[in-house]
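Asks: The lines below spell out each chain.
2 protein chains.
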Amino acid sequence: MSIENLSQNKCFDGWLKQYNHQSSALNCTMRFSIFLPPQVNDGAKVPVIYWLSGLTCTDENFTQKAGAQRVAAELGVAIVAPDTSPRGEDVADDENYDLGQGAGFYLNATEPPWNTHYQMYDYITEELPALIEAMFPVTDKRSICGHSMGGHGALTIALKNVDKYQSVSAFSPITNPMKCPWGQKAFTAYLGRNTESWKAYDSCELMKEAKATLPMLIDQGTSDDFLKEQLKPEALSQVAVDMGYPLELRYHNGYDHSYYFMASFIEDHLKFHAKYLT
Amino acid sequence: MSIENLSQNKCFDGWLKQYNHQSSALNCTMRFSIFLPPQVNDGAKVPVIYWLSGLTCTDENFTQKAGAQRVAAELGVAIVAPDTSPRGEDVADDENYDLGQGAGFYLNATEPPWNTHYQMYDYITEELPALIEAMFPVTDKRSICGHSMGGHGALTIALKNVDKYQSVSAFSPITNPMKCPWGQKAFTAYLGRNTESWKAYDSCELMKEAKATLPMLIDQGTSDDFLKEQLKPEALSQVAVDMGYPLELRYHNGYDHSYYFMASFIEDHLKFHAKYLT
Numbered sequence: 003m004s005i006e007n008l009s010q011n012k013c014f015d016g017w018l019k020q021y022n023h024q025s026s027a028l029n030c031t032m033r034f035s036i037f038l039p040p041q042v043n044d045g046a047k048v049p050v051i052y053w054l055s056g057l058t059c060t061d062e063n064f065t066q067k068a069g070a071q072r073v074a075a076e077l078g079v080a081i082v083a084p085d086t087s088p089r090g091e092d093v094a095d096d097e098n099y100d101l102g103q104g105a106g107f108y109l110n111a112t113e114p115p116w117n118t119h120y121q122m123y124d125y126i127t128e129e130l131p132a133l134i135e136a137m138f139p140v141t142d143k144r145s146i147c148g149h150s151m152g153g154h155g156a157l158t159i160a161l162k163n164v165d166k167y168q169s170v171s172a173f174s175p176i177t178n179p180m181k182c183p184w185g186q187k188a189f190t191a192y193l194g195r196n197t198e199s200w201k202a203y204d205s206c207e208l209m210k211e212a213k214a215t216l217p218m219l220i221d222q223g224t225s226d227d228f229l230k231e232q233l234k235p236e237a238l239s240q241v242a243v244d245m246g247y248p249l250e251l252r253y254h255n256g257y258d259h260s261y262y263f264m265a266s267f268i269e270d271h272l273k274f275h276a277k278y279l280t
Numbered sequence: 003m004s005i006e007n008l009s010q011n012k013c014f015d016g017w018l019k020q021y022n023h024q025s026s027a028l029n030c031t032m033r034f035s036i037f038l039p040p041q042v043n044d045g046a047k048v049p050v051i052y053w054l055s056g057l058t059c060t061d062e063n064f065t066q067k068a069g070a071q072r073v074a075a076e077l078g079v080a081i082v083a084p085d086t087s088p089r090g091e092d093v094a095d096d097e098n099y100d101l102g103q104g105a106g107f108y109l110n111a112t113e114p115p116w117n118t119h120y121q122m123y124d125y126i127t128e129e130l131p132a133l134i135e136a137m138f139p140v141t142d143k144r145s146i147c148g149h150s151m152g153g154h155g156a157l158t159i160a161l162k163n164v165d166k167y168q169s170v171s172a173f174s175p176i177t178n179p180m181k182c183p184w185g186q187k188a189f190t191a192y193l194g195r196n197t198e199s200w201k202a203y204d205s206c207e208l209m210k211e212a213k214a215t216l217p218m219l220i221d222q223g224t225s226d227d228f229l230k231e232q233l234k235p236e237a238l239s240q241v242a243v244d245m246g247y248p249l250e251l252r253y254h255n256g257y258d259h260s261y262y263f264m265a266s267f268i269e270d271h272l273k274f275h276a277k278y279l280t
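Here the protein sequences come in this chain order: A and B. Counting from 3, one number per residue, gives the positions in the first sequence under the numbering used here. Counting from 3, one number per residue, gives the positions in the second sequence under the numbering used here.
Keep in mind that the hints were calculated from the coordinates and are not lab data. Wrong hints could be hidden among the right ones.
Since the list can't tell identical chains apart, any single copy or any two copies may satisfy a pair.
Straight-line Cα separation of at most 30 Å, BS3-like style, residue types lysine-lysine; simulated pairs [claimed, not checked]: (1) Lys-181 x Lys-19; (2) Lys-230 x Lys-19; (3) Lys-143 x Lys-181; (4) Lys-166 x Lys-181.
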């Protein structure tokens, strides 16, 4: 394991640091950001919140726009923001924003040409936490959250790994990708035409099979342009009701799909996770 | 007077809005952002803090990265973020980042080809506040702050207009542009080789001539790469001591020139201004 420090910025008495590393799961060089709160300066180990970003994003959209460091510094939690797909000239890509680089959908692709690199599920659930816990002053307490495609990633990963995370939250997540254009396009490319295989990465399907629960918070803006066609939180909400799953779904009047929405409520999410992490 | 709304995002129960308008001072189309706090939804008029950005920036760097809306919403102040220069295909430019578009230095240029459009001082002090106060639910109470080149702009504009502003603050400002490479290059181009004319836009020179004072706060990171060669806060600090000017200059250990520094202390600045605005 080795990592290369690319940048560091002092922020709210903690440090935001960017690293490159060679990912074995993804077979390429990957970048991530980590915010280390000031508590680690005094020798403390802190729990980690993983943030999964949406389509077209890198690690930087969240670190620059969400305003999360202020709250993380107060709570004493680290935040790790990975990239949204494998990257590089030899990594398969698509000319559209919703497939290929920047659009990894946090799954393990089975179909060529994607299966060579697009193993984001393994990267997020195995390789990255092992790296973070080996290289930084953090505990093995983890929570996970994300936005849009990253909200889908956080929900599916948490639903499949209740033993690895303490809590899960999402802003504007794609909750039923089997039934929306973004998900159908990506799953067809990455997983093939057999929709049975898609169920392993659909939050609604996974929640139907859930044997155990995690605390789950979802925030959704009512003026989100993608709400009806792509996100479908009402589908997940219905499954939660049917299954008795403890989902807290909040609608926020007038908010859209942007980081201005997330900045407005990130404090709630980080405090929600901190309840279960500390 | 007319303005064209380009975007609006709900944020901390207020609204961030972007507009285009035809500027008579600058002789081109200009974009600005305004954050209107939730207090205006109830019919209140609120005071305005003007934010002046640094080299290469537009209105968006501040609105996306500073995390100011949370505090402005709490305090009940609007924030107006203009662009950093005139813009457009017919506006003179330079291939370097520190002259021309994105580098207006908040002055009135006298030298061709710059003098046709580069009248940022008039724009910020006259045209823009008149427009804002005519078109939005704001009072005529104003404060001004900025970063780097925008910190220079805020300080010089406040020092020259103690009657128009209640208070002034800056992050990492260019305090003595006559004596630093950025300032000397820009002033030579925009104002010509006679350095006497430069004194009208140099905070150290203006403070020496100050007949009245304004509350003034400056924050500076000690790990700022531009500190020694370009920013020179110790020069302004010395003038303040000599003149008995009430400057509060704070150095912050380990912080750099980035928005992560500003995000860490923007709450202090907005609360500083709110004391004098409300």
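Asks: Check each numbered hint from earlier against the structure, then list the numbers of those it violates in ascending order.
Replies: Hints 1 and 3 contradicted; others consistent.
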